[in-house]
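Order-wise, the sequence lines are chains R and A. According to this note's numbering, the first sequence is numbered sequentially starting from 1. According to this note's numbering, the second sequence is numbered sequentially starting from 484.
There could be a bad hint or two in this list.
[What the hints assert, rightly or not] Straight-line Cα separation of at most 25 Å, DMTMM-like style, residue types lysine to aspartate or glutamate; simulated pairs:
1) R:401 / A:827
2) A:825 / R:247
3) R:73 / A:850
4) R:427 / A:852
5) A:625 / R:444
6) A:857 / R:430
7) R:427 / A:827
8) R:76 / A:537
9) A:625 / R:400
10) R:76 / A:850
11) A:825 / R:422
12) R:354 / A:807
13) R:76 / A:542
14) R:73 / A:855
15) R:73 / A:542
16) A:857 / R:431
17) R:35 / R:83
18) R:73 / A:535
19) R:69 / A:535
20) R:73 / A:536
21) R:348 / A:536
22) A:825 / R:369
23) R:94 / R:27
24) R:340 / A:850
25) R:35 / R:247
26) R:427 / A:850
27) R:401 / A:763
28) R:68 / A:536
29) R:340 / A:855
30) A:857 / R:369
31) A:857 / R:444
32) R:354 / A:839
No wet-lab data here; the hints were simulated from the structure. No experiment lies behind these values; they were computed from the predicted model shown.
Given next are the chains, with one letter for each unit.
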Amino acid sequence: MSDTETTFKLETDSALVQEYKYGFVSDVEADQLPKGLNEDIIRAISAKKKEPEWMTEWRLKAYRRWQKKDYPKWAKVEYPPVDFQDIRYYSAPKMNPKEGGEIDPELARTFEKLGIPIEERNHLAGVAVDAVFDSMSIATTHREMLAEKGIIFCSMSEALQQHPELVRKYLGSVVPPGDNFYAALNSAVFSDGSFCFIPKGVRCPVELSTYFRINAKDTGQFERTLIVAEEGAYVSYIEGCTAPQRDNNQLHAAVVELIAMEGAEIKYSTVQNWYAGDENGQGGIYNFVTKRGHCRGANSKISWTQVEVGAAITWKYPSVILEGDNSVGEFYSVAFTNKKMQADTGTKMIHIGKNTSSTIISKGISAGESVNSYRGMVRILPSALNARNHTCCDSMLIGDKCFANTYPVIEAETSTAIIEHEATTSKISEEQLFYVQSRGIDEESATSLIVNGFCRDVFKELPMEFSVEAIKLLELKLEHSVG
Amino acid sequence: MTTAQLSAESAFIPGFDESSLPANGNQPALLQAKRAAAFAQYREVPAPTARDDEWRRTDPASFPFERFVPAAALGPLEEAPTPGPWDSEFDVVVSVSDAGFHIKDNAGVLGGDKLVVETLADAAIHHSELVERYLQGPARVKQPRKFSSLGDAFWNFGLFIYAPARSVFTRGVLIRYHHTRSGQAVLPRLLAVVGEQAELTIAEYYESPETAELLAISTREFYAGKGAVLRAASLQEWGARTFHIGEDWARAERDARVEWVTLLLGGLVSKMMVTCDVSEPNANAYLSGLFFANDNQHVDQRTLQLHSSPNTYSNLLYKGAVKDHGHSIYQGIIDASPGAIKVDAYQMNNNLILSEGARADSLPGLEIDADDLKCSHGATFGNLDPNQLFYLQSRGLTKGVARQLLVMAFFEEVIARVPHEFMRERVREDVRRKCGDSV
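Bound conformation, chain A alone (with noise of 0.2 Å):
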């Protein structure tokens, strides 16, 4: 970290200038105008620094970019990789990993005028329009953001999903991000958008090995139709030399129900920023967060709930947990717009410190611009109830189990939220892995 520093001054994040910017050339115009104009704010916005508000908890200077080179730009692979355990229970499966992508079409729903998922750049030619209107679109509120330029001037790998008014996948698509090549930041970029009347799940699930140094900056955008339910769940479980930087947008139409829930257990360095704009009259968004930071974890988590019409609803909830010398960070905001009556938001923080050396912090904030509404916030924060624990020893568990079983209870709250079985199991399993015997 000499030459290379990050600072406000510099247009560029270490390793992100024009020479890495990805190859273009046989890349459709549309894309390419997209690229252009993201590469451009990118480089007109400030990098951000730890005198900023929203990184003052996670100096930006502590991502050794300069450690990274971006990874090429990746392409179909000849053979399909090896199924996961999971496949089975989706309609469609994307593999991704160092080598290159494959798209696998379980339920035969490809093809035709059902459901769409193919590359960015497949889309821009067959789904213009679409790509057009959204990817870098409406939900991009509150802009423009370092990290998001980036993201949308640099991502490696392009998806784009959508479900056609009217059609309904409720299996949907399963994204598996599978990394391991030391030294490359990867950039995946996720376009979904939901038509009217139409319901759509999408998960996604990243893993590295534990000694592999990477850096991850994904960006993603939701779009919710008119009536549209759109359910998303992501399961991070990057190894523990992986850093992270997120910044993921959604949108929701009139009477549309967004349903998204983050699952951040892996990686070193963690900085994700979720933003659901409710922007049309009785359009809802569920958020639900969990996070686990142990060892040396640092999980830096913010959401804006913004209510940029009236008679919309909102309702978050993230719980987390750190242990060993973990850190975590959470900072919400509720945004009502000016005008946004009849809007109810609420979001609540819960936080469970398990050792001492750990630390959580948590800045639920509330920005109102209009008066007939409801909005509140909570917060807590503390260890397992002793009252709990000496009940459930009583009885003839170990202290160890005991502990185990109260944070499990703690965060099944969230874990219901999850669309899948398999992946609420996973969670669980990560879960009791973390509390380990010296909880």
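For reference, chain R alone in the conformation it holds in the complex (with noise of 0.2 Å):
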């Protein structure tokens, strides 16, 4: 790699590179819509992705919602108003290698720079990718394979073209448009992301995985997935995100869907890396996402894993809507946040159907300034006979001028209901790292030794190339986070 690295462009040179390794720009010729939003920018992305009557009117009437809907201010994160305006909502690499034309070769170098197979190989051939730069899909691998078995994996632009009426039963049956305000803003404007359909008591043989990847300046990225595995089905599914290091703050707001029938399982894991601004809370990316699973049928299963590490602020709660008997609801959720990041994450269980259970692993680290709040809610419906959740939330403290919060809500309407919730919140234990030290191990490896302790419960639950990768990760940005 290293005899491209020179040819990409560093905006900024200093050491912090070193830190955050994907905060190169790429030089790709984009096609760009102007900035600001309006109804005329909806109508114009629409026909840009080639989109259906139908889904046009959608979008508007997203739109339309959005505009009267109040901007959040519950979370408890701070920063400037965004300026919806100030924004352009759709920027593509002009050279489109799914239309028949070349990929171009920056392109190519950058998801090879990212460490991301957009050509078939053998490495790594246990997972299917979509490449998603700025607001096109640009790559999907292995696809011939899956479609043997039946399995649609592909962006969302050609889902719409090739499969509408799949896409129309699904979309926006978990988050409807005006769910939020982040959500409705997403469906009004949001370009590509994955569609992922397993046909009936399909298991998917490879792992799904779409890696999203901020380029254009002043962008904004609003990817939306839908995932629907039918009864008996199964799929595991891994998303990564990577972006320029810049002095200002780009918006990152995606709608992910996931639906699973009776008895399908649904394995959604995260790996965000977004690029987090710099010491003095300067630039990165604000990551506001509505992420919804729903059981819709009996013994089905849905299972978030996330590792955040990334983006200036992050505004993400993973939900999951228990309605089939049986089902299973499950989130493992590791949040590190350093310098001035601000990470206000949990989940939400709504527990419907009978003999439904969930379990809550969350792990928070707070760094530097940072501020890491875990925001929860388990809600037992009276219908929720037996319903079971369990729930711990751990946070971790490193340094003196950091803040970790905890705000579960807890809501028990049946007294058939078994609910256990724990939280604890502490310093790295010295008596840990007393021990680890006293065997001959630096402070910083120690540090990193036990905050790898402290998250393994999460770890584990990751794909396993995707697991060693979130721990060499966490090492990286702890590296500068001690002493």
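Once you've looked at the hints, go ahead and assemble the two chains, each given alone in its own frame, into the complex.
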């Protein structure tokens, strides 16, 4: 990779580049819409994506609802108001390999550098990748092999053209367009994301993965992902994200919807490493995301695993609606914040069906001057007989200028439910540090080792390759936080 | 509920405006000034609405304020009221009723420089320095709050209790509130100061007839000086048509210890707030709560364990049961201020849901701005353990008795923290009665 390294233009040339090695900008010719948001822009996005008429209408309806919504202020994060007219809502690479053209070599190099295989190869053969660059999906691998099994794995734009009836049936059925401020915005302007459809009884043989890359300046990324697992199907989906290092903030407002029918299982893993801004809180991505799964059928299961180590501000609550009897919801999360990062993240488990159960394991690590909050809700409706929940959220503090908050809400409306909730906040244990150091390991490595152990319950839920990546990533982030 | 609806814009809670302020003319200047300051603040603060986090689950508009008229200031009773069954257990007994109040000295401790139990009006003359320093004093963190200010401005019976340095009153003071007149709002105000190295026990008991529709807005302030021990227990047994809003504050200085038990069994709607600031190193707080909401009872409690100083300890245990259409809400916050290191804080909320239709909510929160500390909380929900029920039944107990026994066992951990045996017995009786045959 070293020979290609110099061809990338680095916007900043400081030591920070070392720390955030994905902070480069790729010089790719882009097809962009002007900044600003109005009905014409939405029509233009829809036209660029050659969408059916109903989709354009759907977007416009969402836009009108968004205009009536209040700017959300309840999260424990502080930032200047976002100027929604100063954002570019569409920016796509000009050369589109999916429409018969060649892939821009610069783009190919970008994904190579990010370690994402967009051409099928033996390395990481067990993963099918959809690569999204700004507003467009530029490559999706392993499609033929998947198609043989009846699995649809493509970008949202392609899905709208090739499988409009499926998209129409499921889009917005878990996160309605008017759900919240950012979901409404996303519904109006969403660009690309992945569409996965696993038919009845099929176990997806590879991990499906989408890699999101923000590149263009002043652009927002509004991805939309929809995963449907029919009766008895299984899929494991991985999502990764990075962005260049810039002085101004960029907005990422995604919506992810998961639907699991009877006996189906969806495992959704995220490693989020958006650029987080510098020491002074300058720059970084605003990550305002709505993720929700719906266990629609009996005996279904949805599992969220997230490793959040980037973004200036994170506002994200992957949730599960447990409607089918005996359905299972899981949420495993590691949220690491340092410098001036702010994370307000957690989950909602809504129990509707009988014998539903949910598990929440959340590990927050705050360092530097960051604010790290867990916000979660467990709601047991009267119909959720014998519902069961176990929640464990632990926070670790590194340094004396960081904040850790925990805001759980538990509502129990049936006497047959059993709910356990526990949370702790503490400094990294001095005894443990002393013990490890007394064995000849320096403080930084000792801290890293202990933090790793602290996050183990979550990391072990990640697919193997990802787990290794996540551990490395956390080590890298910790390097500059100790001492 | 037509014209006098509560809204955030209105400066006044219906029924509590300039015209209903207690006659102030013959009161000491100090109290007049304090009331005026409180009223100014009360007028400033917007009324809470169901959109506020704290009031989301208990709509302030569900209190029919407009149906109540603030009770007139209470004067001393000419004759001693009929003694209560527990009176002999205490050094001093204060009886408060619609007709007036009476202070009875069982142990000859009042007068001189021993224990002080007198009205705030008297205290403002005899102990003006203490009243000046502590009334609406430093325990009032996280201000302003609408109902605290309201209580400060409108109280109709104010009591001052002071245990001087190094005095010990383990039997302590009993305050009995017995109100019967429908349509009145009673506003008891209590200020208790425990001097350096002193020890004091305070018990409070609230009751009203089942049929009387009352509104109670109580405000308490407790101060435990350096090395002092304060034990406080309040048993709320209002009748089924009483509304209660409580705003309570405590502050523990260096090496002090506060043991505080809140027993909520009566009333229709109760909205209570308890704040305890362990404000200096080595201060300790043990906060306990017991609540049981059955029929249509609604109990909403909020606790704040404030660690504003390093090397402080707090331990909270709130246990509750809901039955029938009862609804309980527990909101707890542990707040460690910046620099509050070596803090150990614990918060536990256990809930029993005894029948379908009942509901329990719990919002245990942590807000931590310091690094070298240990804070944890836990919350549990569930019904009685079927294995335990089966075991007891296999030993020949009926299902009803077995259930009652297990509920009693569940609460015993909190009941054991109540300082007086007769009060413990009374709570056990209440719990047994509330369990009834139908559990």
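Here is how each hint holds up against the structure:
Proposed proximity of residue 401 of chain R and residue 827 of chain A is supported: the alpha carbons are some 19 Å apart, at most 25 Å. Distance hint between residue 825 of chain A and residue 247 of chain R is unfulfilled; the C-alpha atoms sit about 38 Å from each other, more than 25 Å. Taking the CA atoms of residue 73 of chain R and residue 850 of chain A, the gap is near 18 Å; set against the 25 Å cutoff, the hint holds. Proximity of residue 427 of chain R to residue 852 of chain A is assessed by CA-CA distance (about 11 Å); at most 25 Å being required, the pair is judged to hold.
With a C-alpha separation of about 39 Å, the suggested pairing of residue 625 of chain A with residue 444 of chain R is violated against the 25 Å cut-off. For the hint linking residue 857 of chain A to residue 430 of chain R, the alpha-carbon distance of about 12 Å falls within 25 Å, and the restraint holds. Between residue 427 of chain R and residue 827 of chain A the CA atoms are separated by roughly 12 Å; this keeps the pair inside 25 Å, and the hint holds. Only pairs whose Cα atoms come within 25 Å are accepted, and residue 76 of chain R paired with residue 537 of chain A is accepted, the gap being roughly 16 Å.
A hinted pair counts as satisfied when its Cα atoms are at most 25 Å apart, and residue 625 of chain A with residue 400 of chain R qualifies at roughly 23 Å. At most 25 Å may separate the alpha-carbon atoms for a hinted pair to count; residue 76 of chain R and residue 850 of chain A meet this at roughly 11 Å. Note on residue 825 of chain A and residue 422 of chain R: the hinted pairing holds, with a Cα-Cα distance of about 21 Å set against a maximum of 25 Å. In summary, the hint linking residue 354 of chain R to residue 807 of chain A is supported, as the alpha carbons are separated by about 21 Å, within the 25 Å threshold.
Distance restraint check for residue 76 of chain R and residue 542 of chain A: the Cα-Cα separation of roughly 24 Å lies within the 25 Å cut-off, and the hinted pair is therefore satisfied. Between residue 73 of chain R and residue 855 of chain A, the direct Cα distance comes to roughly 30 Å. Violation of the 25 Å bound is thereby established for this hinted pair. The straight-line distance between the Cα atoms of residue 73 of chain R and residue 542 of chain A is roughly 21 Å, inside the 25 Å bound, and the hint therefore holds. With a C-alpha separation of about 14 Å, the suggested pairing of residue 857 of chain A with residue 431 of chain R holds against the 25 Å cut-off.
Under the criterion of a C-alpha separation no larger than 25 Å, the hint pairing residue 35 of chain R with residue 83 of chain R is consistent with the structure, at around 11 Å. For the given pair, residue 73 of chain R sits about 13 Å from residue 535 of chain A by alpha-carbon distance, which is consistent with the 25 Å threshold. For the hint linking residue 69 of chain R to residue 535 of chain A, the alpha-carbon distance of about 19 Å falls within 25 Å, and the restraint holds. With a C-alpha separation of about 13 Å, the suggested pair residue 73 of chain R and residue 536 of chain A falls inside the 25 Å cut-off, and the hint holds.
Note on residue 348 of chain R and residue 536 of chain A: the hinted pairing holds, with a Cα-Cα distance of about 17 Å set against a maximum of 25 Å. A C-alpha spacing of about 20 Å is found between residue 825 of chain A and residue 369 of chain R, which places the hinted pair at or below 25 Å, so the restraint holds. Restraint check: the Cα-Cα separation between residue 94 of chain R and residue 27 of chain R comes to about 12 Å, which is no more than 25 Å; the hinted pair holds. Restraint check for residue 340 of chain R and residue 850 of chain A: the C-alpha separation of about 17 Å stays at or below 25 Å, so the hint holds.
With a C-alpha separation of about 18 Å, the suggested pair residue 35 of chain R and residue 247 of chain R falls inside the 25 Å cut-off, and the hint holds. Between residue 427 of chain R and residue 850 of chain A the alpha-carbon distance is near 14 Å, which keeps this suggested pair within the 25 Å criterion. Pair hint residue 401 of chain R plus residue 763 of chain A holds up; C-alpha atoms about 21 Å apart against a cutoff of 25 Å. Restraint check: the Cα-Cα separation between residue 68 of chain R and residue 536 of chain A comes to about 23 Å, which is no more than 25 Å; the hinted pair holds.
With a C-alpha separation of about 20 Å, the suggested pair residue 340 of chain R and residue 855 of chain A falls inside the 25 Å cut-off, and the hint holds. A C-alpha spacing of about 19 Å is found between residue 857 of chain A and residue 369 of chain R, which places the hinted pair at or below 25 Å, so the restraint holds. A threshold of 25 Å between alpha carbons decides the hint, and for residue 857 of chain A with residue 444 of chain R the separation of about 22 Å falls inside it, so the pair holds. Pair hint residue 354 of chain R plus residue 839 of chain A holds up; C-alpha atoms about 14 Å apart against a cutoff of 25 Å.
Comparing the model with each numbered hint stated earlier shows that hints 2, 5, 14 do not hold.
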